[in-house]
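Asks: Read top to bottom, the protein sequences are chains A and B.
Okay, so the first sequence: first residue is 1 according to the working numbering, each after it adds one.
Okay, so the second sequence: first residue is 1 according to the working numbering, each after it adds one.
Quick caveat, the hints were computed from the structure, so don't treat them as lab data.
These figures come from a predicted structure and were not determined experimentally.
Note that beta-carbon positions come from the ideal geometry of N, C-alpha and C, so glycine has one too.
Possibly wrong hints are sitting among the right ones.
Chain B regions said to be covered by chain A (calculated; three or more residues, Cβ under 8 Å) [claimed, not checked]:
no.: 1; stretch: 276-289
no.: 2; stretch: 413-426
no.: 3; stretch: 429-439
no.: 4; stretch: 516-529
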Amino acid sequence: MGLSVPFSSKASRLGNGFHVVWIGMRLEPRLFSVAVLGGIAYGVGMAASGWVLGRLTHEVLMPAFAAGHLDGAELARWAGVLCGIAVVTAGGVLARRAVAGKVMHRLQARYRRLLIRKYLDMPPSWHHRRPAGQLLAVATSDIEATWQVFAPLPMGVSVLAMIVTGGAALLAADLQLGAIGLALLPALVVLNWGYQRRAAPLAARVQALRGEVASVAQESFAGSHVVKSLGLEDFEAERFQRSVGTLRDASITVGRARVLFDTVIEGLAPLCVLAALAVGAVRVAGGDADVGDVVEVAYLIGMLALPVRSLGPVLGELIRAAAGWERLSAVLHDDDAMGYGDRRADGSGGVAISLRAVGYRYPDADGSAPPVLRDVNLEIPGGRTVAVVGSTGSGKSTFASLLVRLTDPTEGSVLFDGVDVRELSQRALADCALLVTQETFVLDDTVRNNVLFGADLSDGAVWEALEVVRLADFVSGLPSGLDTPVGEQGAILSGGQRQRLGLARAVIRSPRLLVLDDATSAVDPHVEGEILHRVCEAFQDTSLVLISNRMAAILVADEIVHLESGSVHDRGGHAEVLARSASYRRLVSAYARSAARDGQS
Amino acid sequence: MRAPERQPEARGGAFAALRQALAVYPGIVRGLGATLALGVVAAAGRVVVPYVVQQTIDTGLRSDSGPRLDYVMEMAGLAALAICLTGVAACLMNFRMLSAAESGLANLRTAAFRRTHGLPMLSEDSERRGAQVSRVTTDVDTMSAFLQTGGLLLVLSISQMTVATALMLVYSWQLTLLVWLCFAPLFLSMPALQRRAAGAYGAVRRRVAELMSAILESVNGVATIRMYGAGRLALAKLDAIVRRHQEEATRALMVSATSFAPGVLLSGLVVVLVVTVGSWWGMDNGMTVGEIFAFVFLVQLFTVPLQTGTERLNELQNAVSGWRRVVAVLEAPAYVDDPGPRGKPLPPGPVEVRFDNVSYAYPDSPTVLWDVNLTLPAGSKVAVVGETGSGKSTMGKLMSRVIDPAAGRILLNDVDLREVALADVRERVTLVPQDGFLFDDALGTNIAWGRPRVTTGDLWRVLDELALGEWVRGLPHGLDTPVGPRGENLSAGERQLVSLARAYLSNPDLLVLDEATSSVDPVLETRLRQAMDHVARSRTLIVIAHRLSTAEAAELVVVVDNGRVVDIGRHADLVVRCGVYQRLQASWRVRQDKAEATSEGGARTTRMQ
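Please model the complete structure; the sequences and the hints are all you need to start from.
Replies: Below you can see the structure in the form of structure tokens.
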């Protein structure tokens, strides 16, 4: 089911985290530098204030307290220096946080735009394999997980600055005592190594599970009408609860690893202070150090405790970043895009379509799926109206999507005016061939924008198209006419109106090939006939392919193509095929016969 | 250009929201007493270090008789022990917090999910699906971070500040007063800052919901967008939403950064003040250097939690903004009121349906059904016919209680539908809509969706009864055929077959088919209908359709026109007496006759000129 993104343990998870950092730094070098400078200012400021306080004690206060007299001017000078440091520190904090956050959100937005482009670029076959909820999770939770690290990162960098500055100050104060403080560093390295080995695969699992939770929710809400009418609410809630429960357990496991790590890190610095005091006492007793040095070292190590603690979140985020990045980049680098050629379709009038030995089978792991279409050879001259009939599951809809290149055949080729459709540019293809299906995709937008759908045409053209599909009266009766919002998935429209809106969208573009796949199935029969009639009138020069078993379609067609079990069973004029083929007769006269029989019984 | 999205949010301040959270999910704070006790131990541990530093310096190092090594070692050893105990306490406390928070949130997610299914069906002003997903995913996530650590850190921060203040008072109440006076402006400005943060984070949550809705819409429409070369249009919309989200998120961040920096500045300045004033004033008032420095340590013990506390308060606002959106779902009125176990029982057997002066209008829309009165006898086969938009689908929704009438009553076996437990209604009445939604799973699983006890044998029995066995046997993997997300591996007609089998398996006493076989080929559809007619079990079958054959085959035909039931009767009678029915018949008949004519009259040019 899920998105095929592996979340097995990988050798270098933290390496991936650093890779994310590297990408972000390259994309936002200037802002990131500002944030890091802010971080450094903060770090140096914190260390410096410790150092200055130490010197103040040592050089001014201790002698002064010993002498019982304090030099006010000197104290004020020191105070001025400390105030300056405080201002720099606060400024640094502001720059670091504000700018780091800006960097983070810029990177998130940048990757969202990339991802959205990817989603729109990928062919429907790619989307068929991926639940929408998973794609939604990648765009939100995974992108957040990936770039969240940039919020604490400048702090991480400035922690290094603090440790270097503080370390130097430590060593300057007392070589031996300073060394105790600096012993923190190797301990940190070892701890981090152990932590990331344990937490990285867990974090990856949490990200994958978040995707699954979103996926279950999205699917269930999308099917809410079925859930309601079958009374499956509790069943669905249990299904959701199961994936939520797995996510909860995984989150607790990963959280515990983090808590343990944070606790140990937090305890390190105070333990170092104690060690320094103990050793310091020995050295003071031995006359190797004086009390001021010991106080200063203790203070400096104490100051280091805060930054060292803040390394924890950075490492935690690095691991999450690696997990998010793995899922994000798997989608971004998925190279399943259906490429386009660069040829234009220069002809005018209806497209002449050729299908040469076309076959299609669904991608299947063991390749055992029977073909949906096999060896279809068909020539449809430009401007012809063809009705494709066939029983449910005969391959009609696959045939339709091959005609407009929503899918590529797995065998053979489809040609427009002698040119393989794979060689046409996307623009040329879109200008040339359109498919309208029975399930109309409706934008959460106005009637006008739903008909135009990006085309740059006048309101007059919109009304004309609405007239062809017999929707003009309905739209002019709406409160704001063309400007009326139709709601998500066209909520204000009935099924038949939605289909007609979808048809108007195609009509307004005057394509050279128009394929209607049961596109008027929800429209009343007499309206349907009238619409098809008008479409035929409006598109004299267009090749029309009507995929339908309905009389309305058969009646307007020049020619019938009868598909059965994925191949062309028969073709020709309606009467001709009717006379020749018993299965065709059964198909088109089923309603009449059943009505007659029911009438007798 | 879009309709303004309705995104309900609960009102009230952060603490009101928290109280609400505790009322709904006491589990979030399960065992809070023990957790807090551990927290106090952890907080107390943090005070050990400055005390030891002060003791070591003053009593140990600076004692008149030279450094007292034994004393220093003893103190350091004790302190080390205290730190380890603190660590263990903190660890345990966090573990408990983590489990409680995650379990509470998991329950919350599930409750919100369940509740979302109780919201009214997608209509003009209902919430977009992406936004619904955001409420059970990212909105809950915002609470996770706060509840796991933030909430406790907030409590810890406050207790640490209290302990630090108490100790500072021991050293010098004057200096303590000074410190508090300095921080007074910060405390006073906090409510205003919090309000700003709340507004900013609320906006971010709304943008996230908007973003998810827009992405979902584009993913669903990717085939159409691609085919129409309308990628630019879709991208323009999405890019604008991404940008709006980025702007709001950055703004929220600025609010938080600008409320944090003054705290840092103030902390630095207060230390300076304490050192200068403390030594100036303390020298004349008997404070030692050690005491002054212990005081400086304590000031830091005071300011660090002050800073992180501000931070946690911002996180709290973020969590509350997510919480508000989740709570709004929990509190939203259900689409229909469920009497639950108190409901009246629905008499067993086939169901008689009675509409008693029923009218209906969708929210903010004109009335679609006017004053409908009709009785459909138990066990009858009824066809409801009428033009698109005549209100026939609404009748289907009403009798399956997907919606409630605006006026009048629907009675099943003489019981008002609103008085029957919803679970009963769902068991006895099934509506099959035109677009049969399939879940991303195997075909057999889809038919048996929600019925874990159904066996493969049951599935085949149902399929064979419906004359669908042949079709399923012809599929690549039979019942195990994966249908793909939204069932897209199957054609529209095949999806309808699965939905129909699913409804049939649930064995309802009233089955309402709303254009449920519109995409199925005529031969199969006819066979299906005959199969359903012949199945032994008698049930009431109501078919909403626009096909002649359906109406002709029905025992009773309900003719709907412009929201009114204009006639009820047998096909043969209606043909004679009902003008609307004659009109419908005529339009159907014309098409059918044409077909017959073509089939008899041989080839003819069908291109309409």
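Asks: Are the hints correct? Go through all of them and say.
Replies: Going down the list of hints, with the structure as the test:
no.: 1; hint: 276-289; in the structure: holds (count 6)
no.: 2; hint: 413-426; in the structure: holds (count 4)
no.: 3; hint: 429-439; in the structure: holds (count 10)
no.: 4; hint: 516-529; in the structure: holds (count 10)
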